[in-house]
Structures are given as C-alpha cells and as structure tokens.
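Q: Chains as they are written, first to last, in the working numbering: chain A, 1 to 769; chain B, 770 to 1004; chain C, 1005 to 1095; chain D, 1096 to 1186.
Some clues are possibly wrong.
[What the hints assert, rightly or not] Straight-line distance between alpha carbons at most 35 Å, and here's what the computed DSBU-like set of lysine-lysine pairs gives: (1) D:1123 x C:1032; (2) C:1012 x B:849; (3) C:1012 x D:1123; (4) C:1012 x A:135; (5) A:578 x A:376; (6) C:1070 x D:1107; (7) C:1070 x C:1008; (8) C:1012 x D:1099; (9) A:135 x C:1070; (10) D:1161 x A:760; (11) A:330 x C:1012; (12) A:330 x D:1123; (13) D:1123 x C:1070; (14) C:1070 x D:1099; (15) D:1099 x C:1046.
[To be verified] Simulated DEER-style distance windows between Cβ atoms: (16) B:799 x A:620: 45 to 53 Å; (17) A:289 x C:1079: 22 to 30 Å; (18) B:802 x A:323: 18 to 26 Å.
Please keep in mind that the hints were generated in silico from the structure rather than gathered at the bench. Ideal Cβ placement from N, Cα and C applies to all residues, glycine included.
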Amino acid sequence: MSNDAIWTQVGLKESEYQRVVEILGREPNYVELQMFGVMWSEHCSYKHSRNALKRLPTKGERVLQGPGENAGVIKITDDLAVAFKIESHNHPSFVEPFQGAATGVGGILRDVFTMGARPVAIADSLRFGHLDDPKQRHLFAGVVAGIGHYGNCMGVPTVAGEVYFEESYKGNTLVNAMCVGILHPDKIRKGVAKGVGNPILVVGARTGRDGIHGASLLASAEFSEGAEDKRPSVQVGDPFMEKLLLEACMELFETDAVVGIQDMGAAGLMSSSCEMAARGDVGIEIDVRKVPAREVGMAAWEYLLSESQERMLVCVQKGREAEVEAIFAKWGLLSAVIGQVTDDGMVRVLDGEEVVANVPAHALADEAPLYFPEAKEPTYLAELRAFDWSSLPEPEDFGDTLLKLLNSPNIGSREWIYRQYDHQVLLGTVIAPGGDAALIRLKSAAVPGLHPVMGGETKAAESIGNIGLAIKTDCNGRFVYLNPKRGTAIAVAEAARNCVVTGAEPVAITNNLNWGNPEKPEVFWTFDQAIDGMAEACEALGTPVTGGNVSFYNETNGQPIYPTPTIGMVAIHPDVEKRTTLGFKHENDVILLLGETKSELGGSEYAKVIHGVVAGDAPALDLAKEKKLQAAVRQAIQEGLVSAAHDVAEGGLTVALAEMAIAAEGSLGCQLNLFITEGRVDGNLFGESQSRVLVTCHRDNVMLLRSVLIQHGVPHRLVGDVNNSGRFQLTGLAQGVEEGIFRRQLLIDLPVEDLTRAHKEALTQWMGA
Amino acid sequence: MRFGVVMFPGSNCELDAYHALANVLGQPTEYVWHQERDLARFDALLIAGGFSYGDYLRTGAIARFSPVMEAITGFAAEGKLVIGVCNGFQILCEAGLLPGALQRNAHLQFRCAPTYLRVENPNTPFTNAAQQGQLLSIPVNHGEGNYFADPETLNELNRYDQVLFRYANAQGQAIPEASPNGSKEHIAGIVNRRGNVAGMMPHPERASEAILGSADGLVIFQSMVNHLVGRAARV
Amino acid sequence: MLYKAEVKVSLKPGVLDPQGVAVAGAVKTLGFTGVPQVRIGKLVEVWVEAETEAEASTKVQEIGAKILANPVMETFTFTLTLSIDRLAGVN
Amino acid sequence: MLYKAEVKVSLKPGVLDPQGVAVAGAVKTLGFTGVPQVRIGKLVEVWVEAETEAEASTKVQEIGAKILANPVMETFTFTLTLSIDRLAGVN
Ligand SMILES: Nc1ncnc2c1ncn2[C@@H]1O[C@H](COP(=O)(O)OP(=O)(O)O)[C@@H](O)[C@H]1O
Ligand SMILES: [Mg+2]
C-alpha cells in the first residue's frame, strides 16, 4: 500500500482529497486524513445512495422519528412507542462468522437502546451459498451460533427472520439483524451534543485496536483474492458487557442528566463524536489520552477509528458527571469524561497537550461528496425474461415434486435455526418462529412498570391492553434479480402479508439494501429501480420507511450478489387473544384461497429446484388488490371468522397448504379440489403468484366470511376441507372437452407425516439433527 | 409471605420470574440485588436464569462469589426455600448447595425448545401440587444444561429421592431422544437432601400462562406457596 | 516480581468431553487417520505479583482451587515462570 | 507409536478476551491483590499414531492449523511426548 497515493491509502478518490484540501484550506495531517477517509467512506457517508434514498416515503401520523437517528420510532399508544432498525454485518461475518454475526446483533441492539428503548425482539435475515459446500455450512453454523450467543446472553428474544441459500451469495454471506424496542413516546433519546461546556463521556468497554478500518475498507470495497491483508483485527463481542451497558443506560435515562447519547459503531469515537456535534450544530473537543485503553501504545488515530464494541458516547448536563459515573459504577462499568462541547463547530482532537486534528464537524459528517452514479439496464434481464416455459416438462409425479420442494433448504423447516435462539425470554412471544410473522404481546415481562429501573410507569401497562406487535423480515432476492422494481415491491408486500395473517396491521418498515458495486452502471440501475419499487409499495400499503442501512460492494471477483433489499416490517395487533396461526385447527373446517392464481413460474423455487432454472419475470403485483386483500384478512380475523391463516410464498399454493397441514395438531389432514382453468398444472400448483392468502373457517361461518371478502372485492374460492385422515390429498379439476364438464385427477395423495419429515429435514440433512 | 427474585449482573430472566410470581400468582415479590446480605424479609428465593457474569469460565462460576450467595447459604441453612432456575441451578451447583455440575449440552448447541418433565418426587416443597409421574410441559433454554455427577452422587440422589424431574417424551418415558442436553439419567431438576434447596434447568416462569403455550410451570410455584402456607392443595 | 502461571484445567478422566469427541470426529472427516482421541481443556494464563516463587505458587494454587477449576469434574496443574512478556494491556 | 500432543491455543495479542477480564475481576473480588491480568485459551490434548516424532509433529501442525485454532483470532503452539497414559476412553 505504501507506494499508493496518500488518498488511496485511506480509500478516498483524488477528487475527494482535493475537496478536503479546499475545506481545510490546507493539506490534512495524517490523523485528519484518516478521519476523512472513514467519514467519507461509503459506509459512513452514503455518498452513492443518499440521493436515491430521498425518494422513500418517511412520513406518517404514527412516525415519531424517521430516518437519520440511530433508529426510527413509531407511536403505538399515548404511553408507548416502538423503536426499530435493521443493520448489516455482512463482511465481518464472512471473515469470522461467529463473532461477525454476534457483533452485528450487538450493534443493532445498541442502536435501539440509545434511543431510550428497551429491546424486546430481534429478527434476522441471512443469505448463504448452497449447503452442499462445507464452507457454506461452516458460515451458516457460525452465523447462527453467533446471533444466538449475543441475543440469548442479552435476554432479548430472537423471534423471526428468514434465510435463503443461493449460488450468488457464495462469496458474500449476508447477515442483517433487526431489533425492536419499546419506550415512552416522550422519552426518545437522540445522538446529539448541545450546550457549550457540557462534558462528553465514553462509557462501557475499554478501547483497543479492534476492527480499525472495518468500516472504511472492508464495507466499502469489493472482496478479492487476498482480501485477508485488508482484514482488520476481528472484533470480539462481549454480550455480558453490553447487558450491563443496557441496564445502566436504562437507569441513566430515568434521570434527566443526559443531553444526548450515541452508540459507537463503525469508526467508533470518530463518527460518533462528529455526528453528535454536527446534529447539535456545535463543536466537540476530546482528548484521546482520557479514553480508557485496553492496549498500550495506541496512536491518536487508532483511538479515533477503533471499533471496539459495547461503548457509548454520552453528552451530559454540566455538573451531573458524578451522578452519571455512579450509575455506571453500580453496573461495574467504566465511564470517563474525555472532552466537552465547544462553540466553534470544530471537532478538535487532543493527544494530551498536542492538537492532532482540527476539522469542521459538518465537513466530516455532512459534506462528503454526493454521487449520482450512472445507471444502465443490465443486458441479462431481456434474455432471462424471454425464457420459454413450454420448454419445461410437467412433473410426472406431483407428490414427489411436493416432497422435493418441502425438503428444499429455501422452504423447509427453520427449526434448526430458531431452536438455537432464545425466542421466549421476556414472556412476550405469543406466536413463535415457525409460522409467518412472529407476534409479541406488549404486556410482557418487559412492560414499563415492572422492571426496577423502569419503575413508576405502570400507567403504560394499562393502556397497552392486549396490543401486540407482529414482526417479520422478508426479501426474495430472486424476484429482485429478475425485476428489481417489482421484486422490491413484492418484498414489502410479502413482509406485510406475513404480519397481516396473524391479524396485525402493518405500520412501518426499516430496510437493509444489500447490493453490489454501485459504481457499476448495471448494478446501480437495479438499485435505483428497487428504490422506486419500495417507495411505491410503502406508499400504497401505508408503511413509511423509518430507517435502514445500505451495504454496497457485496461482490467477489467481480460477481455481485442478487440485489437484496431486506424489509423489516412492524405491524400492530389490536388484540393478541384474536391472533391466528397457520396450522389447521379443526376437522370439517373449510379451506379458502383468497386472491388469484395465475400460472407464474418466473423465479419460483419450483423452477429452481426441479428444473434448475432461474429465469422469467417476477410474478405480477397489483398493490391495490394487495391492499384490499390485507384489509379483508384483518377484518375477518378481527370478527373471529378465521381459524387459520397463511400467506402463499415460496413453493406456491401446494406448499402453503402442506405447511398448514404440517403445522396442524394431531391427525388432521385435508382433501383439496383445485380448478385448473388455464395454464400449466405445475404453474397452478407451484407458481408463486402474489397477493394470495389461505384461510380456514368453521362451516357455519363460510357465508359471513365470504360477505367480508365480497365487501372488500377480494376474489376467492373454496379449495377443500380439513379432515382427520392424516393424509394430504389434492385433486385437479381440468376443463374437459365439453363446456362445463371437468376431468378429475388425484394429483397428490400422501400421509402428512411424510410431508412433515421432508420439511423437518430440509436443513438438518445438511447441518445434522 | 414474600418471594425474592435474585439477580446478578448478566441475569436476564428476573423480569420473567417476577412477572410469574407477582402478576400471575399474585404473591408479594421483590428483586434481590447481588450485593444484598440481609434476606430476613423473605420466605422463599428464586435465583433467576440468564448469563451471570457472562457465564465466563464456567456457568455460575463467578456469581457464586457474590455477597448475596453467602447470605443465601445462611438462608438455606435456616431451612427456607431456595429454587435456582437454569443459571440459578448452575450457580447453586457451583456454590456446592446442590450436588453435581452442569456441562455443555452433548450436541454442543444452545437449545430453546419445549420439553416434558416427569415428576419423580411429588413430596417436596417444590412439587407437592403435582402427582407422582405427572408430565409437565416446560421449555428449556440453555447451552450448558447437561447434568453431570459421579456414580456415587447419582446413587445418593436416587436413594434419597432427590431427583425432582426427568426429561420424558409425551408418553412419559425418560429416554435419550426426550432429553435436550444429554443429562445423566435424564435429570432435569434435583433437590438437596434436606429438601429446601432445588435446582432445575427448564424455565417454569416461561410456562406460567396458557397464552405462552403452557401454564404447567405454575405447579412448581404453587407448590412452594402451598408449602409456605402449610397447605397441600393440588392445582 | 511479576510471575506468569500457565494453569492447565482438564476434565477428570471418565467425564465425557463432547467437544473433544466432536473435534476428533472433524479430524477424521478431514481425512486424518490414527487420531484415537482428543480431549479439550482450558489454558489459563495468570500474571501474579509476588516476592518469591513460593509465594506466587501458593497464590496460584489458591486461585486455581477456588475458581479456575470445578472439583466436581475438573483437575488443574500449573507451571510458573518469571514474566518477561509485556502485558497486552491493563484489565 | 502413540504420541500425545499438548496444543495450546491462545488469542492473538490485542484480541479482546472477555472471559479473562471477567475472571480477573472475580479474582480481585475474592480479595487477591497483584493479579494484573488473566487470559484464557484452550488446551487441546491430541493423541496421534505415527512412526516418528517428526511425522507426529507434521500431523499435529496440520490439525492445529485446520481445526484447533481459528487463524483469524488465535495462534497455537504444541509439545509432543510419547504417550504413556492409557486413553481415558475410546472416542
Ligand atoms: N434466520 C431465521 N431466524 C429466525 N427465524 C427464522 C429464520 N428464518 C426463518 N425463520 C422463521 O421461520 C418461519 C418461516 O420463515 P420464512 O420461510 O421466511 O416465512 P415466509 O416464507 O412466510 O416469509 C418464520 O416464522 C420465520 O420467522
Ligand atoms: Mg409466510
């Protein structure tokens, strides 16, 4: 590296370096150059994405805090709000899966509790290559263990998530973690420094050389052979330290001593101090020698860029230092005054007596160059969409096809994952992982008023009643690959649908945009399209974007991942006593399919698993119809007309029905009759047409249910009955030669336990029981 | 009657235990900080689960040295009731208040899953509301719940009826497939010889309301209440 | 003087070592033959200040017995050397 | 011949060792003074069959690099002895 130009050594372009010189009116010194290198890195400055992101809808009557803070905040009642956010830790997890994933969870937890919220749920979103590759199994096992390690130790339940295995993620594991916390609407904390003379404290862990340049280099450049040399020293998470930090902060927030608080994530002290200064429009002066160190002989810039975990930067009222330090001491934590707020808008860094850096806060935080990258439609799209489906044979044996799909790691049971996660602690989880969205009740053990340090807020407990929160992460990257705009809209719609089938009303999203190199026009075009898709869907479904994260440069040797805009959805459930789950409940219940089935095989798991084809276009999506469907399902559930509900996703109608049978208690089975009016049989059975939901209801309620569906103009048909045969029987009815005469054919007839086994072993066949 | 929920730095089930005892069972309950030395105001203590001191070195190894553990040793010596759940069980073993130790799960993975516990001895302050052989549906949530004790100790546990619960399947058979961690003799919970100090890996507080999937955990707390008020009512 | 003790904590013979079994399995799958057994214990490095080696040794013995090893399933031994290496940092 | 290797796996200097920090803290609360630092690593005993010590050593070196130590954060060293102690059990 040493013979590179000085700007490339810190990951800047020459033009960017010139800009720095202009701003300072002089050459930056070494420390200052490091500071700009990090703060103007893609990861910290969003210089390639910020313009596009402006197009996302961020307003709504429930939105108390939109993008720009550590997490978004949504109002639930006058006494209760939720803070939530999603973050990626892709590159670190590829380098060291266990610690990378663990510290990813640690980071997102801090983002949420810096807002003043107590974390009550975690959700993840994971991507790996195919599991027949030992390296991928190693990554998968390490990531899951790491997420469990951190969340379990913190006592925050990991209740939902998603995972896909695709060739395109082979060289770039994706690990996105979402955290949801509860707080009082009037007690939102912000990452701001104010009040000249107010002291700035570092609290939590000591500072070492961990992860220096993690943000600027690793997360802002492509992987290539020999990426090893670029490796920062791995950050090791200490969830115990973070648990203490959480409780100490909760206690601190009960006082009014805090002016602002910011978690130290990427580029630690550096970014947290200049962001706090910039937000407060003030200056900050800090002395790195006052930062409690873990290692000897660290240089000033190493203090600034260290990504040691479990640390916070706090601005407190002058004179309250002792009080604050006492609280942290009670929890056995360090706290040290390292500087104070100044009035000159400069971030001034001292190394003892010596001034080692003196830079305008706004220059670092807000004045990174903005890029409008060139966008060009990728040529691969036309070819893929031109795919001729008639070239694929229909399956000989539909039962065998169903078993293969249930056994696919992209469809089968995720129990191997979530049984390694504590998904119960805090006693809020009323719909556990394994169905569609997770549902937590707000009147859990974490409700304000119960905890010693959250005392006195029992009022909140009453107003909460039976309100719950449905949570789900979702993104079918294959659809986004085939059609970036529609695929992204589908991700939003599916996340919402997964929440709606529990009876909840989607209210807002956070999102994590995992992409390739934005400086490649064909990659950026897909990004730009995706933003439009997300904006459209969020407008239509009334779920504003309250925050998110962008992870670019997910490429290995020039190969980008499928564009993967992970959606983290939060939905409010009015009454958790009226929640619905996907499993069949009673014999003789009637099964209805809501929505329209077209023969759409584009991007389907069926095409991939059975025919090895990833081609065509993403399924059609009509957001107006989607909205009606979701409203109808919610009303039907509220009126108690629905005994089970499940959204139709990967594997299509047949897999969704099978999942309902598998999730059923006892010996329930079903007899299904599907009219196959148009298109291919496999397209009808396994195609992934959107805006479809399966529900069951008691015979006596069918008329009532149908009237609700008709009111909302939701097309639907009766597709069969729940029985206690313990078998899954599906009959196809196809138009015969004469009008109105239908040919019946028993297409699938299998014991439910066979389906269950195939489903159960989807992951364990690779990962061990 | 007053319950104390003991919490250490790193405990994380204290909220849940408090909720089950105070809100569900309606018993007067207080948190007990690891620095406390005076426990006179309590009739029974629950050492909550979690990761005390990060469970570094060995689960419970560091917590056992906190001031409150000295006090708890005295509390137990007076014959008052102490139950350790999960990490609480691990701490009681490390402190020598219960025999044996808890090793890493045999399959080396953390496990959060429902289990059935077969009641082996219903004649204790912690099980008097249950029937002999009754199956309780109570979930486990641990990475190190694999109970170990040498053969002599196991013999004693059996001879003196100190095994409270064994992991079993839905038919009530204690077999390896039913065990989430590979414990010796499928042991899920034990009591000391005197009968007033108990430890169990599964989490009764997580099975304290039907909406959570099971309310069987209340049997254990109700038993303690029965014992303290000198009743032996069954639930 | 600053001494460095290397405390080896190992499982008692007869105590099952699932981790060791797993590693031995991994070794086999990687194609190594003739590796009949693997046992996994802890290596605890403890730096102690003491006037004499004897003093250091009693100190480490106590620390080992009190906290580093669990007598129910573990034993420990240790070696003492004058510490030459600079401490990585204060903690 | 059967050799026994004692493989010491330790964290690279600079890599955070939360366990060590926690134990050092506990040692202090136990009233021990002058214990500035504790670091915790793994002690892996590997039994290997080999004709010569040299062969055994290459084998252990490979096993250590491939499985026992995580190159991103750990380093390892080992010593070899002719194994006299009976195996604790076959696994
Ligand atoms: N990585 C994961 N972590 C935790 N839970 C997961 C994970 N992946 C999937 N799940 C859970 O498994 C169930 C099925 O997930 P998924 O197939 O994504 O559902 P859907 O197809 O309805 O989006 C959901 O309850 C989900 O929360
Ligand atoms: Mg779903």
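Q: Does residue 330 of chain A pair with residue 1012 of chain C here, judged by a C-alpha cut-off of 35 Å?
A: holds, 34 Å
Q: Would you mind confirming whether the straight-line C-alpha gap from residue 1012 of chain C to residue 135 of chain A stays at or under 35 Å?
A: Holds. Residue 1012 of chain C to residue 135 of chain A sits at ~32 Å (cutoff 35 Å).
Q: Does the alpha-carbon distance linking residue 1070 of chain C and residue 1099 of chain D stay inside the 35 Å limit?
A: holds, 29 Å
Q: Could you grab the alpha-carbon distance between residue 1161 of chain D and residue 760 of chain A and see if it respects the 35 Å cut-off?
A: holds, 32 Å
Q: Taking the Cβ atom of residue 799 of chain B and the Cβ atom of residue 620 of chain A, is their distance within the range 45 to 53 Å?
A: Violated: the Cβ-Cβ distance is about 60 Å, outside 45 to 53 Å.
Q: Given the proposed pairing of residue 1012 of chain C with residue 1123 of chain D, does the C-alpha separation stay at or below 35 Å?
A: holds, 21 Å
Q: Hey, residue 1070 of chain C versus residue 1107 of chain D, does the alpha-carbon distance stay inside 35 Å?
A: holds, 27 Å
Q: Under the criterion that the straight-line Cα-Cα distance not exceed 35 Å, is the pair residue 1123 of chain D, residue 1070 of chain C satisfied?
A: With a Cα-Cα distance of about 12 Å, the restraint between residue 1123 of chain D and residue 1070 of chain C holds, given a limit of 35 Å.
Q: Does the structure keep residue 135 of chain A and residue 1070 of chain C at a Cα separation of 35 Å or less?
A: violated, 41 Å
Q: Does 18 to 26 Å hold as the CB distance between residue 802 of chain B and residue 323 of chain A, or does it fail?
A: At roughly 19 Å between Cβ atoms, residue 323 of chain A and residue 802 of chain B fall inside 18 to 26 Å, so the hint holds.
Q: Mind checking the alpha carbons of residue 578 of chain A and residue 376 of chain A for me, to see if they're no more than 35 Å apart?
A: violated, 49 Å
Q: Decide if the proposed pair is consistent with the structure: residue 1070 of chain C and residue 1008 of chain C, CA atoms, cutoff 35 Å inclusive.
A: Given pair residue 1070 of chain C, residue 1008 of chain C holds - Cα atoms ~18 Å apart, limit 35 Å.
Of the numbered hints stated above, those contradicted by the structure are hints 1, 2, 5, 9, 16 and 17, listed in ascending order.
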